[in-house]
Amino acid sequence: MTSSSGYISSTPALEPNPTAGPVLEVEDLHVEFRTRNGVVNAVNGISYSVDQGETLAILGESGSGKSVSAQAIMGILDSPPAVIAGGGINFQGRDILKMNEEEQRQIRGPGIAMIFQDALSALNPVYSVGFQIGEMFRAHRGTSRKEAKQHAIELMDRVRIPAAARRVNDYPHQFSGGMRQRVMIAMALALDPRILIADEPTTALDVTVQAQVMDLLKDLQRDTGMGLILITHDLGVVNEVADRVAVMYAGRIVETGTVDDVFTRPAMPYTVGLMNSIPQVEAKGGRLQPIIGQPPNLARIPSGCPFHPRCPMARTGAAAAPDRDCVADLPPLRVVTVGREAACHYSEELLNG
Amino acid sequence: MAEPRPSGASVPASTQTARGAMGEALLEIVDLQKLFPLTQGIVFRKTVGHVRAVDGVNLTLHRGETVGLVGESGCGKSTVAKLLVALEKPTGGTIRYKGEDVAKMGGRALKRYRREVQIIFQDPYGSLNPRMTVGDIVAEGWSVHADVAPRKGRLQRTQELLERVGLNPDYVNRYPHQFSGGQRQRIGIARALAMQPEVIVCDEPVSALDVSVQAQVVNLLEDLQDDFGMSYLFIAHDLSVVRHLSDRIAVMYLGSVVEEGTEAQVYGSPSHPYTQALLSSVPLHEPALRGQKDRILLQGDVPSPADPPSGCRFRTRCWKAQDICATEPPALIDRGQGHPAACHFAEAREVVPVEVAE
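Taken in sequence, the protein lines are chains A and B. When you line the first sequence up against my numbering, it's residues 1 to 353, in that order. When you line the second sequence up against my numbering, it's residues 1001 to 1358, in that order.
Isolated chain A (complex conformation):
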């Protein structure tokens, strides 16, 4: 049972991370896809950090680069065509990208785990779930098959799969969607990771099951003190579980801050647009105000601020302040008020009405 002490011990939070800084820091990460039809700039210099026990939500629409940045952290980008073109990923103070492959495996395996949107395709259909969960122990700790299965049962219990001992030999197709998601969470938790990346973990689930899974993730996070990166497009989920949020658009982070701040007083027109696009369950409300146009093609990102073609506030030419022409000048992600950053030339106007 020694090998299981990592995830059962009640205060695992401090041991692997003696320095109290962020567990994971992403610095100026660039990812591009080099295809025959040109270079697609999926991630263009994003930086964020996640502290222990913190939940960072990365909010964005499809094609905003939110999943690609997570895959870069996990080292599961398809390359080619994907290439990490620059930047660094510091896990507990060490840059993963500078290590060789075996070192990366040693770090990522027990340190960073990921759960995916579609549990049915993320699980291997020809192995039992117990075998797949136990694989983590066999691969990284050299545990015997029998012991690994024992650990698998404990983990399945922990993610509240009923009758775990009986179901450990079942195959993924025998589980419902919510249960499959739990199996994947169990697998991710096996080695007690310091960072869990959840890529749209509940998008494919019904709301009642979604609530169960989000609750489970929250409880597990409280128990283990891991940092959670929640990638989603659902503003409701962000509001209910995250501490901080980073809004992505066209491969850039365009706004960060605490969820309360960003959701009550957005500092970037795109965030405002997102909020206005969504009908609310608590009131019937009037007409929706969608963002006009389509999200940009990442192979041809608009000049200046990538959001300017869809932005109601965009200013150009004579209307713009010097060096703040939305069509020509790319707005940097800058501090707009205490604890908040936004990439808009005119954030102050939004914030101050």
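Cross-link-like lysine-lysine pairs, in silico, DSS-like; alpha carbons within 25 angstroms at most:
1) K1111/B <-> K1098/B
2) K1111/B <-> K1089/B
3) K218/A <-> K1293/B
4) K1082/B <-> K1098/B
5) K1082/B <-> K1104/B
6) K1293/B <-> K284/A
Keep in mind that the hints were calculated from the coordinates and are not lab data.
Since the structure of chain A is provided, determine the placement of chain B on it from the hints.
Leaving out everything else, chain B in the frame of chain A:
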């Protein structure tokens, strides 16, 4: 809004003039049932049971109104959609359209029914033939229902339809893969509009779209309804979108409707435990409202529709369940809460916090 559809030249005048008269029941669904047989054996197939996909659904759709049908995956809402557009035959119950039983329709009447009741599908990628141009997709229905659009001027008509749904009319010769998800959904809407329908069954039309694009399509659907006076049966699992669009709402669980009422009744004073649990699970996106509602977490999963629980179907997950629930299926009636709910112990309860005044 000028009617962009060069309507009516050859369309029976009755269907055109009858629009306007709001409130008349257009579609009536009574005790609708669809069982899919489960079979065993290869040569001698014997039926060993049934999946009770839709089991006793009652619903009325009036002219010009939107009825929302919500429920989780597997509750049979999409089967209802397929039954309505006659892609599947019901095994029991009746669908009456303008007072006429659809099952007894034949030939001309059925053809007209199929034209007047159109469907928009969820998946904008799977529902458009990749080998047909957009123009051909929109115009395809006219090769069967030639009377809707005269052969001359069909191209122009197609372009008008594309323009109406917010697409560039010059794209008529493009193929579906050249469009984004939101644009494809608009093509699907144009295809349905081309038939000048009375009813459009929208089967999760915005679920696959990004939020900013989703709002565009929702607004488009609203505008089209204002212009053409169609009725929508709007099927979705997103409770916020359903509330936004619908006048009346029916909540489905495991093949039957458990609660029905106006948008304000179902969301404001939900009475069936399932509706309450469903509404309480929806994450709110107002930081001020976070944590203000008591969340009802349901235990377990939806039972298999091949072997539904006796009595009330929800009793296996219900915190109010008592002995009577196992023996007697509750009727969908008003038990004093103002609108019908299928629960012996129905009781109005506010679960969605009312928005704080701004």
